[in-house]
Every structure is written in structure tokens, then in C-alpha cells.
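*Asks:* Mind the numbering: the sequence shown is residues 1 to 179 in the UniProt record's numbering, read in order.
Do not take every clue at face value.
No more than 25 Å apart at the CA atoms, straight line, and that leaves these computed lysine-lysine pairs for DSS-like [claimed, not checked]:
no., residue 1, residue 2
1, K66, K3
2, K151, K116
3, K116, K97
4, K68, K158
5, K63, K137
6, K3, K63
7, K141, K122
8, K2, K91
9, K179, K68
10, K68, K3
Hints were generated in silico from the structure; no laboratory data involved.
Since this is a predicted model, take the numbers as computed values, not measurements.
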Amino acid sequence: MKKNLIYIILIAIIGVIAFVPGVKDFLRDQFFPIATIENAVTVDRADYDIELQGINVPSTNLKNFKDKPVFLNFWGTWCPPCRKEWPTIQKLYDTRKGNVDFVLIAMNDEEAAVRKFLQDNKYTVPVYIAQSPISEKLLPKAFPTTFLLDKNGRILIKEDAYRDWNTESVHQFIDNIIK
């Protein structure tokens, strides 16, 4: 009898974690560190050499963001999870743009579609289209893929799925890396 009760409670807990929106993300943020900095992969200077055509900002090269913290996101207007996370990225950008450089790279997209998406939604986060090959270290395998790089080029966060970027834990993490 006690054994069955324990199993029922465990199944209920797993059900809540799996099916109640936000619980899994909350528990992950509370119990697991966002990144293990000691084991972080470092992006080399050569990996930063990506020519970027600016969509709502001037064109540049990613290497101009070397030695600065960077929020680097690969996305597409055709990608539903990418579109879903955009409002949270915009809110993070509005509050942290003075502390972190934001580089969002539209992948497999037409410039006109990207411009229309930004204009229709009144998004102001800097968006680019890559004009040169992207290093294997950064090339996304899924969309969206987001990296948070510190000023030394260490990948502190790599998220290759939708994430709410406007959470207290993300804000605190950014505040800690800019110190």
C-alpha cells in the first residue's frame, strides 16, 4: 500500500513537471546552473570572422564584437519557436543593451521577409544576415540557437531551443558576467 502511494506521488510530480507550462524551466533555473564557466568552450578569433549585412543596423563583421559580452542568436522568420521567443529577446534587449551587444542572425531567410517581420512587430534588436561562412563552433544545428559569450569569447550559455530570455535568472547572469 505504501509502495503504491509513493509511485502515485512520483507519477504526479513527473506529470506536473512535464505538463504544467513553466514548471520545467523554473526548476531548471533553480537547481541547475546556467553554465559551467570553468568548462566553457571558447570561440577563437577566426570563429568571429563573419561578414554581417545589417538589416536594421549598419553592416559589420562579428569580429567587431570580440572582447565584449555578446548575445548571439540564430533564428528565422519561418521558425515558430524563433518567433515565439522574439518578444522576450526584445524585452531583454530593452533593459540590457548597454551591457551586452546583441547580434541576431537571420538564417535561410529573405531580406524582405526579415524587414517585414521586424517592422510588423516593431522590433529594434540588431538583426543581420550572414554574408560569409559561419564557423562549425557557432553554426546552429537547430533553431533557434542562442549563445551568450563573455568578453573573452567563452560560451557561457548555449540554448538550442525556445527560451524565455526575460527572466530574473538571465538578467542576474548578464549582470554577473559584465562585472
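*Asks:* Against this structure, judge whether each hint is valid.
*Replies:* Verification of the supplied hints:
1. Under the criterion of a C-alpha separation no larger than 25 Å, the hint pairing K66 with K3 is inconsistent with the structure, at around 57 Å.
2. With a C-alpha separation of about 32 Å, the suggested pair K151 and K116 falls outside the 25 Å cut-off, and the hint is violated.
3. For the proposed pair K116 and K97, the alpha carbon gap of about 23 Å is at most 25 Å, so the pair holds.
4. Straight-line distance between C-alpha atoms of K68 and K158 comes to about 17 Å, which keeps the hinted pair within the 25 Å bound.
5. A hinted pair counts as satisfied when its Cα atoms are at most 25 Å apart, and K63 with K137 qualifies at roughly 15 Å.
6. Restraint check: the Cα-Cα separation between K3 and K63 comes to about 59 Å, which exceeds 25 Å; the hinted pair is violated.
7. Annotation: proposed proximity of K141 to K122 is violated, straight-line Cα distance about 28 Å (limit 25 Å).
8. This hinted pair does not check out: K2 and K91 have alpha carbons roughly 48 Å apart, beyond 25 Å.
9. Distance check on the hinted pair: K179 and K68 sit about 12 Å apart at the alpha-carbon level, within 25 Å; holds.
10. About 55 Å separates the Cα atoms of K68 and K3, which puts this hinted pair outside 25 Å; it is violated.
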